[in-house]
Amino acid sequence: MDFSYTQEQQMLKESVQKFVQKNYAFDARKKIIASEEGYSKENWELFAELGWLTVPFKEEDGGFGGSAVDLTVMMDEFGKSNLVEPFTPTVILSGGLISTLAGNDQKSGLLGPLMEGKLQLACAYAEADSRFNLSSVSTTATVEGDQVNIEGGKINVLNASNADKLLVVARESGGRTDREGISIFLVDSDSEGLLIQPYTNVDGKKAAQVGFASVSIPLTARLGKAGQALSALETVVDRATVAVSAEAVGALEVLLQKTVEYSKTRKQFGSPIGTFQALQHRMADMFIECQLARSIVIMAAMKLDGSDSDVEKSKAVSAAKSRVGKAIEKVGQEAIQIHGGIGMTEELDVGHLFKRVTAIDIQFGNSDYHTAKFASL
Amino acid sequence: MNADFTSEELAFQKEVRTFLESEFPLEFRTKIDANRRLSKEEIICWQKILYKKGWAAPTWPVEFGGTGWSQIQRHIFATEMGLIGAPEPVPFGMKMVAPIIMEYGTNEQQKRFLPDILESNAWWCQGYSEPNSGSDLASLKTTAVREGDEYIVNGAKTWNTYGQYADWIFCLVRTDNTVKKQEGISFLLIEMSSPGITLRPIVLLDGHPEVNEVFFDDVRVPANNLIGEENKGWTYAKLLLTHERSNISGVPRGKRRLGALKRIAADTDDGFGGSMLENSSFKKKVAEVEIELRALEYSELRTLAALSVGKAPGPESSILKIVGTELSQEIDELFVELAAYSCLPFVPEQFEDGFQGVPLGPGNSAYAALNYFNNRKASIYGGSNEIQRNIICKHVLGL
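So the sequence lines, in the order shown, correspond to chains A and B.
Just so you know, we're using the working numbering here: the first sequence kicks off at 36 and counts up by one.
Just so you know, we're using the working numbering here: the second sequence kicks off at 40 and counts up by one.
A portion of the hints provided could be inaccurate.
To be verified - 30 Å max Cα-Cα, derived DSBU-like pairs, lysine-lysine:
1) K361/A to K322/B
2) K277/B to K299/A
3) K322/B to K365/A
4) K220/B to K361/A
5) K53/A to K350/B
6) K65/A to K93/A
7) K361/A to K324/B
8) K153/A to K53/A
9) K48/A to K65/A
10) K365/A to K433/B
11) K180/B to K408/A
12) K390/A to K91/B
13) K48/A to K324/B
14) K294/B to K365/A
15) K150/B to K92/B
16) K299/A to K220/B
17) K134/B to K365/A
18) K153/A to K293/A
19) K323/B to K408/A
20) K150/B to K408/A
21) K361/A to K433/B
22) K70/B to K433/B
23) K322/B to K408/A
24) K350/B to K299/A
25) K65/A to K361/A
26) K416/B to K322/B
27) K433/B to K302/A
28) K299/A to K433/B
29) K365/A to K323/B
30) K277/B to K416/B
31) K322/B to K134/B
32) K48/A to K322/B
33) K433/B to K293/A
34) K361/A to K301/B
35) K416/B to K361/A
If you are wondering where the hints come from, they were derived from the structure by calculation, not from laboratory data.
Isolated chain A, as found in the complex (with noise of 0.2 Å):
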């Protein structure tokens, strides 16, 4: 048993903690989310760079061959600094997807410009009345001899404005909700009959409305077998959910840390409101909230790493993700009435944590969601 990082899990941690420290201060922050692109293509070349586009990728596919755990220590840093670079959507959605379905052949072109950071994606699989079940599908695709025609909608597309192809979830056969006749198209983002339409989420992040009006791709574009991607799309949203629930435990540290030491500098009828026990028990619960979250997902990602069946790993997936949405907003809730007024405006970093982290209790399945997944497995 050990819970300590490795020596390169320590350095992967110190070198995201390094790039924030220079890069990442809460106004250099405002003005990335205010540029069109809604990201730092400056940032995202250093990102490469520092080799932390290669991390979940296999040896193999020319990465780094990190494990879920390896991921988990990134993204708690990203977390605590309310990083808006579209590393979800790009490396371990829309990468993992080409990973795990994609053939040599198809891997090869993209993989590569990726992790150089010259390739961005977005993977569009939620759709109007899909909530948040991976297998409900209405956008269709359609094979007309070696081209396939997709046809429909998708909603909320993370970093969709920016991306070069998009991965498009689209149903081959069977009905809405079947688990069978789903496929992944790699879609360019310049094809006719794509319609974009971007906006800024809660959290500062781009994403768009996704919509096909009768988009031909050639065959070639699917990624693996015809109408059997759903269980690698339910896969790699479960390696993701582990990922943004660590960004979510690094940003709940940071509320925490920012409440208590607000606590301790406010005063009123002349003490520090840190000195109130009213407030003071509502701290510690918020600590307690950080402590169980963190644990959580230290538990999910070592299950997914380790050797545990499929039904045992997502089980832990589901937990994780239902627990830290409780803690998101518990914690996300009780900094902003600690800090009060101040607490509300866009002036001071806290409101924009709390915005990200309820975004992250949504992502994939909020809390409700993911229990009953829990209880069904």
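On the provided structure of chain A, position chain B as indicated by the hints.
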């Protein structure tokens, strides 16, 4: 990073499991499954079985007859005991007074008291709380006045668990009234048969006289029953509090109870022809508790991993007490919810030895409310959960 046991640890786990399977008496297990309390004799019998095996004192060093186990081995042992339902040693002797005698007692005191604790020949109880000193323990008023080779003790202690069984009581007593309240307290061992001691049983909400008030009326105690120095008792008692936070989360017991809960839920109609196990609202609550148990389990493992590389148990372990007790109370509530009307009959005697009547059921449903009421104590004893939150605020958050 991994939560795996080494092959030696796995072999140890197997050894413990095999031992418990064959040596933990089946009649005790049946009794525990039926929510019946083990008698004093039965608890001592089990403790002596462990003693014979050399496992009576998992937390003691070898020189005093302990196992000398590593933190991980202790964890494995406690886990296997919890999973099978075997009772932990009565804590007052083994886990509370013994470490203090080892640390601060004289050689003579160690020889006099420790072997009897190890062999379960002496039953100990705790004399800390007083009618007017609960969470503010240092305000205690029971006095001990030195007269020659004796102390004369006067006052009252309360919430004294199983004092009716006890041969000895370890007490915090006031020996100096003129200094700061923490600085005038001494640690004194008193024989329960001493003239001047009387017990008043206190019946708790479940109908069982589990605790007592203990009165001291000019009780003469030999001065060589004082542990360490006079007026240093508070320091000794405090040290113990940080010592004993490991294995307090109750994860194995929680797992065992959840297993029982789900078995009962599968056989309980939800009133609409379905089972409670599939009732969506009950199912969700069970899942939430299971998830919380996992979070707690890994929090405990993180603490354990830190301990096994030699880090001192930090105030972070207050978390284990808070979450462990609150979670056990949530499980109590689920049993009450499951039993519904059937938890309402107040017939505590049907869970006692020698009950002759026809028990009210189904199963142990009438135990659910009794246990729910009884276990409200968990968030009050051992430093109430509010005190634990104070500890977190002071020592972790710096508030």
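Tested hints:
1. At roughly 18 Å between alpha-carbon atoms, K361/A and K322/B fall within 30 Å of each other, so this suggested pair holds.
2. Distance hint between K277/B and K299/A is fulfilled; the C-alpha atoms sit about 27 Å from each other, no more than 30 Å.
3. At roughly 23 Å between alpha-carbon atoms, K322/B and K365/A fall within 30 Å of each other, so this suggested pair holds.
4. For the given pair, K220/B sits about 42 Å from K361/A by alpha-carbon distance, which is inconsistent with the 30 Å threshold.
5. With a C-alpha separation of about 28 Å, the suggested pair K53/A and K350/B falls inside the 30 Å cut-off, and the hint holds.
6. Proximity of K65/A to K93/A is assessed by CA-CA distance (about 34 Å); at most 30 Å being required, the pair is judged violated.
7. As the CA atoms of K361/A and K324/B are separated by approximately 14 Å, the hinted pair is consistent with the 30 Å bound.
8. As the CA atoms of K153/A and K53/A are separated by approximately 23 Å, the hinted pair is consistent with the 30 Å bound.
9. Restraint check for K48/A and K65/A: satisfied, since their Cα atoms lie roughly 23 Å apart, inside the 30 Å limit.
10. Distance hint between K365/A and K433/B is fulfilled; the C-alpha atoms sit about 21 Å from each other, no more than 30 Å.
11. Proximity of K180/B to K408/A is assessed by CA-CA distance (about 55 Å); at most 30 Å being required, the pair is judged violated.
12. Annotation: proposed proximity of K390/A to K91/B is violated, straight-line Cα distance about 60 Å (limit 30 Å).
13. At most 30 Å may separate the alpha-carbon atoms for a hinted pair to count; K48/A and K324/B exceed this at roughly 37 Å.
14. Our distance criterion of 30 Å between C-alpha atoms is met by K294/B and K365/A, whose separation comes to about 26 Å.
15. Proximity of K150/B to K92/B is assessed by CA-CA distance (about 21 Å); at most 30 Å being required, the pair is judged to hold.
16. For the hint pairing K299/A with K220/B, the CA-to-CA distance comes to about 28 Å; that is within 30 Å, so the pair holds.
17. Distance hint between K134/B and K365/A is unfulfilled; the C-alpha atoms sit about 36 Å from each other, more than 30 Å.
18. A distance of roughly 36 Å separates the Cα atoms of K153/A and K293/A; the hinted pair therefore is violated under the 30 Å criterion.
19. For the suggested pair K323/B and K408/A, the alpha carbons sit about 10 Å apart, so the restraint of at most 30 Å is met.
20. Our distance criterion of 30 Å between C-alpha atoms is broken by K150/B and K408/A, whose separation comes to about 57 Å.
21. Distance hint between K361/A and K433/B is fulfilled; the C-alpha atoms sit about 25 Å from each other, no more than 30 Å.
22. At roughly 43 Å between alpha-carbon atoms, K70/B and K433/B are farther apart than 30 Å, so this suggested pair is violated.
23. Restraint check for K322/B and K408/A: the C-alpha separation of about 11 Å stays at or below 30 Å, so the hint holds.
24. Of the supplied pair hints, the one linking K350/B and K299/A holds, its CA atoms being roughly 28 Å apart against a limit of 30 Å.
25. Straight-line distance between C-alpha atoms of K65/A and K361/A comes to about 28 Å, which keeps the hinted pair within the 30 Å bound.
26. A hinted pair counts as satisfied when its Cα atoms are at most 30 Å apart, and K416/B with K322/B qualifies at roughly 27 Å.
27. At most 30 Å may separate the alpha-carbon atoms for a hinted pair to count; K433/B and K302/A meet this at roughly 18 Å.
28. Restraint check for K299/A and K433/B: the C-alpha separation of about 12 Å stays at or below 30 Å, so the hint holds.
29. With a C-alpha separation of about 19 Å, the suggested pairing of K365/A with K323/B holds against the 30 Å cut-off.
30. Pair hint K277/B plus K416/B holds up; C-alpha atoms about 21 Å apart against a cutoff of 30 Å.
31. Straight-line distance between C-alpha atoms of K322/B and K134/B comes to about 38 Å, which puts the hinted pair past the 30 Å bound.
32. Of the supplied pair hints, the one linking K48/A and K322/B is violated, its CA atoms being roughly 39 Å apart against a limit of 30 Å.
33. Our distance criterion of 30 Å between C-alpha atoms is met by K433/B and K293/A, whose separation comes to about 17 Å.
34. For the suggested pair K361/A and K301/B, the alpha carbons sit about 24 Å apart, so the restraint of at most 30 Å is met.
35. Straight-line distance between C-alpha atoms of K416/B and K361/A comes to about 26 Å, which keeps the hinted pair within the 30 Å bound.
The structure fails to meet hints 4, 6, 11, 12, 13, 17, 18, 20, 22, 31, 32 from the earlier list, while all remaining hints are met.
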